[in-house]
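Enquirer: Read off the chains here:
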Amino acid sequence: MLKPKRILVACGTAIATSTVVAKALEEELEKRGIQVFIRQCKASEVPSLAQDFDLIVTTTPVATDHGKPVIQTLAFLTGIGKQTVVEQIVEKLKA
Amino acid sequence: MPLSTYLKEETIILGLEAETSADVITQLGKKLEEAGLVKDSFVQAALTREKTLPTGLPLGGEINAAIPHTDIEHVLKSGVAMATLVKPVTFQNMVLPTEAVEVRIAFLLALEEPHAQIEMLQEIAGVLQDPDLLETLMKSSSPSEVLEALGKTSA
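Going down the list, the protein sequences come from chains A and B.
For the first sequence, the working numbering gives the first residue as 1, with consecutive numbering after it.
For the second sequence, the working numbering gives the first residue as 1, with consecutive numbering after it.
Note that these hints are calculated values from the structure, not bench results.
Where a beta carbon is used, it is the ideal one built from N, C-alpha and C, also for glycine.
Hints are supplied without guarantee of correctness; some may be wrong.
Derived pair list, reagent style DSS-like, types lysine-lysine, alpha-carbon separation capped at 27 angstroms [claimed, not checked]:
{"no.": "1", "chain 1": "A", "residue 1": "LYS23", "chain 2": "A", "residue 2": "LYS82"}
{"no.": "2", "chain 1": "B", "residue 1": "LYS39", "chain 2": "A", "residue 2": "LYS82"}
{"no.": "3", "chain 1": "B", "residue 1": "LYS39", "chain 2": "A", "residue 2": "LYS42"}
{"no.": "4", "chain 1": "A", "residue 1": "LYS3", "chain 2": "A", "residue 2": "LYS68"}
{"no.": "5", "chain 1": "B", "residue 1": "LYS87", "chain 2": "B", "residue 2": "LYS77"}
{"no.": "6", "chain 1": "A", "residue 1": "LYS31", "chain 2": "A", "residue 2": "LYS68"}
{"no.": "7", "chain 1": "A", "residue 1": "LYS31", "chain 2": "A", "residue 2": "LYS3"}
{"no.": "8", "chain 1": "A", "residue 1": "LYS3", "chain 2": "A", "residue 2": "LYS94"}
{"no.": "9", "chain 1": "A", "residue 1": "LYS23", "chain 2": "B", "residue 2": "LYS139"}
{"no.": "10", "chain 1": "B", "residue 1": "LYS8", "chain 2": "A", "residue 2": "LYS23"}
{"no.": "11", "chain 1": "B", "residue 1": "LYS8", "chain 2": "B", "residue 2": "LYS87"}
{"no.": "12", "chain 1": "B", "residue 1": "LYS51", "chain 2": "B", "residue 2": "LYS152"}
{"no.": "13", "chain 1": "A", "residue 1": "LYS42", "chain 2": "B", "residue 2": "LYS152"}
{"no.": "14", "chain 1": "A", "residue 1": "LYS82", "chain 2": "A", "residue 2": "LYS68"}
{"no.": "15", "chain 1": "B", "residue 1": "LYS39", "chain 2": "B", "residue 2": "LYS77"}
{"no.": "16", "chain 1": "A", "residue 1": "LYS23", "chain 2": "A", "residue 2": "LYS68"}
{"no.": "17", "chain 1": "B", "residue 1": "LYS77", "chain 2": "A", "residue 2": "LYS42"}
{"no.": "18", "chain 1": "B", "residue 1": "LYS77", "chain 2": "B", "residue 2": "LYS8"}
{"no.": "19", "chain 1": "A", "residue 1": "LYS23", "chain 2": "B", "residue 2": "LYS77"}
{"no.": "20", "chain 1": "B", "residue 1": "LYS39", "chain 2": "B", "residue 2": "LYS152"}
{"no.": "21", "chain 1": "A", "residue 1": "LYS5", "chain 2": "A", "residue 2": "LYS31"}
Simulated restraints, written as ranges between beta carbons of each label pair [unchecked claim]:
{"no.": "22", "chain 1": "B", "residue 1": "ALA100", "chain 2": "A", "residue 2": "PRO69", "range": "27 to 33 angstroms"}
{"no.": "23", "chain 1": "B", "residue 1": "GLN122", "chain 2": "A", "residue 2": "GLY81", "range": "27 to 33 angstroms"}
{"no.": "24", "chain 1": "B", "residue 1": "GLN122", "chain 2": "A", "residue 2": "GLU45", "range": "20 to 26 angstroms"}
{"no.": "25", "chain 1": "B", "residue 1": "THR26", "chain 2": "A", "residue 2": "GLU91", "range": "23 to 29 angstroms"}
{"no.": "26", "chain 1": "B", "residue 1": "LEU76", "chain 2": "A", "residue 2": "LYS31", "range": "20 to 26 angstroms"}
{"no.": "27", "chain 1": "A", "residue 1": "LYS3", "chain 2": "B", "residue 2": "SER144", "range": "51 to 57 angstroms"}
{"no.": "28", "chain 1": "A", "residue 1": "GLY81", "chain 2": "B", "residue 2": "ILE72", "range": "28 to 34 angstroms"}
{"no.": "29", "chain 1": "B", "residue 1": "ALA116", "chain 2": "A", "residue 2": "SER44", "range": "34 to 40 angstroms"}
Covered stretches of chain B (in silico footprint by chain A; criterion: 3 or more residues with CB under 8 angstroms from a CB of chain A, positions within the stretch not fixed) [as the list claims (entries may be wrong)]:
{"no.": "30", "segment": "62-72"}
{"no.": "31", "segment": "94-107"}
{"no.": "32", "segment": "114-122"}
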């Protein structure tokens, strides 16, 4: 068994849009048989948490100088380009 | 639970005339306050947050949305207030704050702990992804029409 990849989902308050993203991401990745551990946080917490994660997905600008891949997207809220973003996330998780 | 569990006739404003995003947030915030869902600190907190963490969402069509909200300490009970705007009001893009988004419909969210209102958040995302439903909401002339339209989708 592969160790689940760790995704940090960030938004402004850690309660609204990151909740929608985390849930949608969990479902999309489960469909593809990819196991993940997801944690939600505030954008301001990204610098201190990034090191423990493989990928950061965010709906709001976050720090990017921590060496971890960051995907900034509204696709899970608006539906626009959602499949493309899911594919990107899958690719990043494989890397 | 359908969105209509959280959105009440008293917290819907149709054809709101507003000049600024602050105006939209203030007027919707009053509705949440009158409904007993938020503390009197909520409006100011939501206004402050909107400045640094804006909530405009470009939806790729004629109707863009905004979903202002703030931290849980200003909230008494989960809920939502909705406004359709007579003319577009400028919000800034959530993911790209330097970019303006001309908004026609706003949902002001009163949020508790992350998982307390996950259905409400998912349903709002569902509404944003449904151009026909957005169109119906924009054209609604009474709060009961709004609730009826929303009820149909979650049935």
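Enquirer: All the hints need checking, so say for each whether the structure fits it.
Expert: For each hint, the structure was consulted:
1. LYS23/A x LYS82/A: holds (14 angstroms)
2. LYS39/B x LYS82/A: violated (36 angstroms)
3. LYS39/B x LYS42/A: Roughly 22 angstroms between the alpha carbons, so the hint for LYS39/B and LYS42/A holds.
4. LYS3/A x LYS68/A: Holds, because 18 angstroms separates the two Cα atoms, which is no more than 27 angstroms.
5. LYS87/B x LYS77/B: violated (30 angstroms)
6. LYS31/A x LYS68/A: Holds: LYS31/A and LYS68/A sit about 25 angstroms apart, inside 27 angstroms.
7. LYS31/A x LYS3/A: At roughly 18 angstroms apart (the allowed maximum being 27 angstroms), LYS3/A and LYS31/A satisfy the hint.
8. LYS3/A x LYS94/A: Judged against 27 angstroms, a Cα distance of about 12 angstroms means the pair holds.
9. LYS23/A x LYS139/B: violated (31 angstroms)
10. LYS8/B x LYS23/A: Judged against 27 angstroms, a Cα distance of about 26 angstroms means the pair holds.
11. LYS8/B x LYS87/B: holds (23 angstroms)
12. LYS51/B x LYS152/B: Violated, at about 35 angstroms.
13. LYS42/A x LYS152/B: This hinted pair is violated, its Cα atoms lying about 34 angstroms apart.
14. LYS82/A x LYS68/A: The hint holds at about 21 angstroms.
15. LYS39/B x LYS77/B: Holds - the C-alpha atoms of LYS77/B and LYS39/B are around 10 angstroms apart, at most 27 angstroms.
16. LYS23/A x LYS68/A: holds (22 angstroms)
17. LYS77/B x LYS42/A: holds (21 angstroms)
18. LYS77/B x LYS8/B: Given pair LYS77/B, LYS8/B holds - Cα atoms ~13 angstroms apart, limit 27 angstroms.
19. LYS23/A x LYS77/B: holds (22 angstroms)
20. LYS39/B x LYS152/B: Violated, at roughly 32 angstroms.
21. LYS5/A x LYS31/A: Distance of about 15 angstroms is within 27 angstroms: holds.
22. ALA100/B x PRO69/A: 27 to 33 angstroms: Given about 28 angstroms between the Cβ atoms, the range holds.
23. GLN122/B x GLY81/A: 27 to 33 angstroms: violated (19 angstroms)
24. GLN122/B x GLU45/A: 20 to 26 angstroms: Holds - the Cβ-Cβ distance for GLN122/B and GLU45/A, about 23 angstroms, lies within 20 to 26 angstroms.
25. THR26/B x GLU91/A: 23 to 29 angstroms: This hint is violated: roughly 44 angstroms between Cβ atoms.
26. LEU76/B x LYS31/A: 20 to 26 angstroms: Violated: the Cβ-Cβ distance is about 37 angstroms, outside 20 to 26 angstroms.
27. LYS3/A x SER144/B: 51 to 57 angstroms: At roughly 52 angstroms between Cβ atoms, SER144/B and LYS3/A fall inside 51 to 57 angstroms, so the hint holds.
28. GLY81/A x ILE72/B: 28 to 34 angstroms: holds (30 angstroms)
29. ALA116/B x SER44/A: 34 to 40 angstroms: violated (22 angstroms)
30. 62-72: holds (count 5)
31. 94-107: holds (count 4)
32. 114-122: holds (count 5)
Hint compliance for this structure: hints 2, 5, 9, 12, 13, 20, 23, 25, 26 and 29 are not met, and every other hint is.
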